[in-house]
Each structure stands twice: as structure tokens, then as C-alpha cells.
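A.B. asks: Required output: the full structure, derived from the provided sequences and hints.
Residue numbers (my numbering), protein chains in the order written: chain A, 1 to 543; chain B, 1 to 543.
For the record, the hints were derived by calculation from the structure and aren't laboratory data. Mixed in with the good hints there might be a few duds.
Any copy will do: because identical chains look the same in the list, a pair fits if it lies in one copy or spans two.
Dumping the calculated BS3-like pairs for lysine-lysine here, alpha-carbon to alpha-carbon at most 27 Å [claimed, not checked]: (1) K82 / K298; (2) K485 / K82; (3) K296 / K245; (4) K296 / K82; (5) K262 / K296.
2 protein chains.
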Amino acid sequence: MCYLFRHTSKPNSKGYFHSIPASKNQFNNLTFQHHYSTNSPCSSAKIVPLRCAIVRLMETQEGSASKPVIDFHDINEELVQKMVYDALVWSSLHGLLVGDKSVERSGKVPGVGMVHAPFALVPVKFPENHFKLACEVAPIFNELIDRVSLDGKFLQESLSRTKKVDVFTSRLLDIHSKMLEMNKIEEIRLGLHRSDYMLDEQTKLLLQIELNTISSSFPGLSCLVSELHRNLLKHYGEWLGLDSKRIPSNNTVNRFAEALAKAWTEYNNPRAVVMVVVQPEEHNMYDQHWLCAALKEKHNVTAIRKTLAEIDEEGELLPDGTLLVGGQEIAVVYFRSGYAPTDYPSEAEWRARLLMEQSLAIKCPSISYHLAGTKKIQQELAKPNVLERFLEDKEDITKLLKCFAGLWSLDDTDIVKRAIERPELFVMKPQREGGGNNIYGDDVKENLLRLQREGTEEDAAYILMQRIFPTVSPTFLVLNGISHKDHAVSELGVYGAYLRNKDKVIINDQCGHLMRTKVSSSNEGGVVAGFAVLDSIYLMEQL
Amino acid sequence: MCYLFRHTSKPNSKGYFHSIPASKNQFNNLTFQHHYSTNSPCSSAKIVPLRCAIVRLMETQEGSASKPVIDFHDINEELVQKMVYDALVWSSLHGLLVGDKSVERSGKVPGVGMVHAPFALVPVKFPENHFKLACEVAPIFNELIDRVSLDGKFLQESLSRTKKVDVFTSRLLDIHSKMLEMNKIEEIRLGLHRSDYMLDEQTKLLLQIELNTISSSFPGLSCLVSELHRNLLKHYGEWLGLDSKRIPSNNTVNRFAEALAKAWTEYNNPRAVVMVVVQPEEHNMYDQHWLCAALKEKHNVTAIRKTLAEIDEEGELLPDGTLLVGGQEIAVVYFRSGYAPTDYPSEAEWRARLLMEQSLAIKCPSISYHLAGTKKIQQELAKPNVLERFLEDKEDITKLLKCFAGLWSLDDTDIVKRAIERPELFVMKPQREGGGNNIYGDDVKENLLRLQREGTEEDAAYILMQRIFPTVSPTFLVLNGISHKDHAVSELGVYGAYLRNKDKVIINDQCGHLMRTKVSSSNEGGVVAGFAVLDSIYLMEQL
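C.D. replies: Right under this line is the structure:
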């Protein structure tokens, strides 16, 4: 089963999206569909300056961020259809593809059952200052994750209550504990992250939704969407009044391939390979293939693809720690699976994860990097004075704090009280990955009251997050060969790569970006089932 | 309906292929499936030195042409599976695609229902001297077609008997007559041809199957297959003992785009466009899109796509001869439809064809070029001393004659007698295009006897051609994501472009090549329904 781009979620009684579980390699419904509402976008201003020291008061600013890139009332329908046709052709010829889940084998065999990846027809206007900030903080986040990963005690303690109520986190922590007991040291550490943001309309703040440290998706396809848009503006820009030069360069696929290749070089065995840990069925395989193609063509490094079950069956740990899979030595393990409970249907998958973690292979991510990217850790890092434990540079800390949304634990009684009073301003996020579990609106209130009544430890399975209200703009979204004109919101992801060997930091850089845009139209009765598309950025003057 | 690569033809009682009609834009079953047999490949030696002066006696030569490129007994199955996987990925990422006819809309909307184009896993070994010859004669054939096209009387007279029995040819001749009556002169003439050959195993002669002057397919995808094979040999060549440098460069798409662009320039109106005449449903659309993309990206010339029915509806001829379609001025009409009777289901399509022919737009091909490529004309040109009517250079004539297979009209009583005696050495080819009508084996005898009995004019609807017996080699063919190991034969196509404006020849060149390989396995009871795949050339030493 796959719910790649169109999901079958139904609006709840309040009309918010409640999506079904989605793969992280796909459009991550969990973190994308649930941070905004088309209702009362202005009401968010009241919640922020509560107890969360890191969220600043927001001025209401005039700006063009809320205006669409083009005037959709004026646009010529024939022109749109021409652009759609050209865009579909371009996508097909240039590998902007996904597996079509309605076609058998499309998630298993490359080259069959292909369909263009869903895309927005025109890039989304985005303020240059915010884009620059998001790029600037990427290396700081990279460094932060690395520092946090080394603090085993912090990870274990922060997640100790979560461990009791969330089986998945508990299993990850068990592996982590074993590594601590073994005194396992990861000298070569590789992180391929993506930090996701939304721009809050009222406050004009770019707020972090989450930081992905495992299986950051779309390094391959995101570059292609920028190229698609550049190509379309080259031909239609004059008619649209848009300049293709305002689409920033985007080269994630080559940067990530370079990082994987350099990690492979650090491992220092020319016969060893990179292993991509994949799901048994993957409709977003072409995104992954682009990365492996760049690795092969530009660096002559071979990648093999294995599921966790295959690794359990074919994997072997030599006494010196060398990891062999199917007889091949593994230099780098690159996870595009293993981030959600559904990726571990049996003990076999957990055995495979443990086997890899015990090995000398470079894990992208290691168990520590994985845990450092959990929501609970995100929330802990947002507490006052916690960043200072890991970072020295005051300026860096200020920059990160600027991006943090309000994040609270449920043992914060003041904030829980406030959320019961104004549930529409909060999102209740469960620790566990996999999507479809975020809680909104009156359900926040009901669940908080229930947890108070029951008095169990279940509250540790959730964090509360400030609700972000991004700009809603009319957009053309193209899905399955059909163009839809609808209102949509966008989420920016900025990729970062980090590679170090002992004291030597080899790479610490931002590596391109991803824009995703999602339908957010609401009818009287509820929200129309929406879908997300790949998008790119059209830079505008600073706000 | 579409029968792009796998056809549902059943072997007749003799086990030969009798295919169903196929589009010329697709694998042309008509001309490809019917020129060889796996039966008695040696017997062909006896027929050739009959009355056809242009076919030379063949020596039985020792050579490596009949050996497969790699030893298929030795090849590691795991290696093959890796290569197949990599090839499928490469095809997907690089646009080596066709529409999957099992998916709705895949022949109408780009970007949906895509599947990799069928391909051979390893290029086919081909003797360098034959390849060079086929490339050398391309400009001579270009010139020949141009000369023949100017001799309206020759075309009309040669086809006069065919006209009586073949409605399609008759309609084309009617248009041609009208143009003669109007004294219509095509000053700018553009030809994008492909001459198809098979290498006869016994004689080691490269013999022409046909010369396509309309809708020569695969200028886009053929280059990609060469690139695919080059890429595979780069990574696997060492294991296979093959060198990627032996795959000749292949750049049809850019050469054809250049020819279209230069024709557009000669037309000399920057606002005019190229119009691709397309079938209402086209599963080989990506081949066409590659050409239009090259035209746009490299020459900034816009192409529009119209069916004959649309042209009838939207087309307009201004008093000065300007062709407008949907209000746009057409500089060049590029046919990827209109070559088969099925392309003209009503009078509307014939009206459109006539409208275009009457216009000042450059037709690729004009009605004269179209007629010059018919089988009957091919046969007429093969008669002794006919080439001399059109070409002066003796060396050129010698080169062309070298490629001509035995071709005879059915009014040649000696050859008809011989064909009745030895039907297995002949193919009976109907004039009309569209595939599935060639006659083989005992059916040749039966049909010839029937025509003699009936004594009608129906014999004018056929020509007789020497049966060619190409080398059968074991091959890996990849179709719909699955690799098949089978015996196959190959057909070489060499593209040529010709452009002139009055006395000035602007382009006359060979423009790359296409290799197609087709399953030819036979069982006791009959031939297994075969399929054709795209292939490329691996050059070997001269024979």
C-alpha cells in the first residue's frame, strides 16, 4: 500500500486534515498537513509570548508574502494548459517521476508504472531574507545534532518518560543503551538532514516544524522541480512577469552524493559499497535512484539496495566489526527506511538495525543521530538555556532560537491549561513517527482533559506545539496529468550535510532546498481532501 | 488501440509471423517482422543471381558477424539481473520511455502511464564496413528521393497500375495530380528519412528493406539507447569484455531538430511555428517530444501538435498560400501521422492533407517525397538503368546498387514462375502501408497461382522481394521490466536529413542510426509470438 501524494483522509468535524499514515520517503503528512489551518489565521498572535522564552512577539508587517506569484484572475486558461502540457513533457523526459501506485509492480520494479511527480505549475514566492536565514542555520543545526548525539545521557534522560509509553522509541533507546554499554564510538559521523519550516503569516516568522535526521526525502526530485520551473519561466516568464533567475540554484542531489562519497572515502576500502536501506515497496524510488546515479557517475561509488529483512538474512558482522551484506563489505549505511514502526513488522528488522549499529559501517544516521531528531528532543532543545549546553557561539544560538516555534511538554501545567482554553492555537503531536496522529482543534482540548482525568503516563507520548498559520495562496497543482487550481500552503525544507572523522569536520553545509505545497481549500462543511505537490522557490525582496 | 511492441499475431501454418497492423511511429511490424525466417537460412544463396542485375553473387565468408556479442552460456545470471536493474533505472531517469498501453490516457496525456521503452540489454555486434556503407549512402538516397520527387511523370506512371487496386495510394496520387495541375512548386524541400537494412548472413550483404520518407520513427529514443548501452558498458564492460568506445556516436535527435530549425529559418517568419501532425493516440509520444524539446531548447523554435482532424477543423489557407492552424502560421509541417490508411478514417483527414499540400508551408514530407518512398517506387528504382535517370555519379550509383535487394514486379513472369517453385526465398509485399500484410512461404505460391488464375489487375498491388536471412543471435531483451533471453535478429536504420531551397542544398547528411532487434525463436509447432526492442550498434572489425 502506498499513499504517496493523494491521501484518503477525511476532515474531522472541525474540518481539519486527519491523514492516514504516510511514508517519510513520501510526502510526510505527519509533519506537513497539520500545522496550519485556514480558519482564523489571525488568532495565532495571542499565544506566542507565553512561557516560551524563545518565541518573540510579532509585529504585524505589511509585505507581499501573502500575494500569489501571479495574478490568477488574469491568467489565460489556454496559456495555463500549454504550460501544464510542457511541464508534463519536461517531467517525463527529465526523470521527475514516481511510481504510480495504481499500477502493479510500480513500487518494486524500476521502469514500470511511472507517472510524473505531482508539482506546482509556478514556483512559490518566498522572501529572500527568510530563505537566507534557513540556509544559514543549516550548518548550525548540523553541528547541534552532532553535539546532542554525543550526549547519551541527555538523550536517554530526555526520552525516559517517552520510553514508557512509546514502544518504538523504547526499541530505539534499547539499541542506544546497548551501544552506550559497549562504549561504541562512532568516529566517522555522517548526517544528511532536512529542516522543515513554515512561514507564519501574521508574525512573518519562519518557524521550524521539525528536523529530519533520518531518511530526508526528495534530495533527487527537489532539484528537478527547480529546474522544471526555471525552464517554464524561461519560456513563459515574459507572459507571467516572472524572471527565471529568481529561482535559486538547487543542487541537493550532487551535494548529498558528494557527502556519501566522502564518507565512503573516509571508510577507506575501495571494495566496500554504500548500502541504501529501503522499504520493500517504494513508490518514491526515482528520488533515491537519482542520488545513487550521482554517486556512481560522479564518484564511481556503487550503491546497493537492501530491505531490513534482507539485511537480517544476508548480514554478517565480522569479529573486527566489518559489516558484510550478501558478502559485500558495507562502508556506509544510508537509511531510506527504518524511521517508522511499520518498518519493523517483525524481530528480523530490529535484529538488522542492531547488527548495523554494532558494525564499523558509517550509519546515516546512527542511532544517536536518529534519536536526536525526535520531536521530544526538539522540544527539550527549545527549553530555555538548553541550546547553551551544546553550542558556544551566542550568535548561532540566537539564530536557531529565531526559528523555534513554541514547543512544550505536557507536564507544563500552565500551557496545558492554556491549550484547553484555546485549543485552536495548538497542535498536539505524538512522539511516534508515521503520520496521521497529530491532534487539532477541539480534539486537543478533549484529549488533554482525558489525560488529566486518567492521570497515567500517556501524556509523555505527546508534545504541544504552537499552531502555525501560513499564508494561503491560490496555486495550480498538477497531479496525475491534471491541473487543479486551488488554495494552498507551502513548507520549506533546507537540506544539510555533515561529515566528520574524529576531530576533523569534513563537511558542514547547507545543501539545497525543497518546497512542498499542499491544497488547503476549505468548504463550509469541511476541508476538501487535499494533496501535496513538489514546488520550488521564487525569491522576492526582503520583507 | 495500440500494438506498440508486443503484438498478438499468430503464426500461420508455416510458422511465420503474420502481424497485425502497426503504426509506423511504432515498431513497424510490416517491414520488420517479415524479411527473415529461422528456417533454412542457407537456401537463399540460390535465388539471388536471377534476373535482378543489381544483386551480386555472394561468397560464403567466414566472419564473426554470426557470433553473439557475448557468450551467453558463460554469463553470470546475477550480473545480468544487476545490469537489467541498472538499465531500467537509467531508462526511467533519462526519458527512454513510451506510453504503457495498458494504462488509460497513456497515449494522450504526457506524464501518465509511462513505461521504459523495450530495449536489448547489450548492443548488437555489427561490422564496421557495412555500417560505414549505410552511412555513406544516406546522402545519396536523400538526393535520389529529391530527384525522383521532381519527376511527377515517373511517379504517376510507376504507380498507375497500383492506383487501380490500392485506394490509399490512389488518394495520395490524386493529391499529387492536383499539385501537378496547379503547377505547385516546392522551392524549400525538407526530407527526414530513414533507410532500413538487414545483413544477409550467407552473402554478408547489407540489403535495404525499405526507405522511409514519412514519419521516420525513433529519432529521439535511438540516441538514448546508444547512451544507455554506453553507460552499461562503462560499468559492466570489463566483465563482458566489451569496450563502450565501440558504440558509435548517435545524435539523430539534434540533427533532425537542426534540420527542422533550418527549414523554419528558410521559411523566414519568426512568428511561424513547426506543426507536428500526430495521431489522436500516440504511445510513442516521448520519441516525438525529445525532438520538439531539442527544437525548442537549442533553436528556440516552437512546435505545436495537431491531428489531421484538428487541422481540418482549425486550418485555413490564406489567399497567398499561408497556412494557419488555430490562427498560428505554420512554417513546417512534420508528419508523424498520415502514412497509413487508418490515419484517414474520414474525408476530414484527406481534406487536411490536401490543405497542407496546397499551402506554402514546408511539408516534411511533401506528397512527392511521400510517394517516392513507396515500395512500388523502390522496386522501380531497382530495375536496371533506372537509377541512371536520376543520378549522374557512377560511384554513387554503384554504392546504392550494392544495397538493393532483389525486387520485382509481378508482371515479371520469369520471377513469378521461380517464386512459385521456391516460395521460401521470396516475400510478397503489398503496396499498402500499415503492416501485417506481407506474404511468406507456401502462401506466396498459393497467392501467385490464384492471381494467375484470376487474371485481374490485383497483381499490381504487390511486389516480390528477395527473402533476406539475417543472423540469428541469442539476446537479452527487456520488456515491461522483465528480461527475456531469446534468439533474435536485428535491423539497422540510418537516418538522413535533406534540406534545399531552390538550387541551394542546405543540408544533405546522414544523421545517426537506429537498431531494432526482434525475437525470432521458433518452436516445433510454430514461431513464438515475438516482440521488437530498441537496440544499438557495437562496431567490430571489417569482415
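A.B. asks: Can you give the numbers of the hints that this structure goes against, from lowest to highest?
C.D. replies: none
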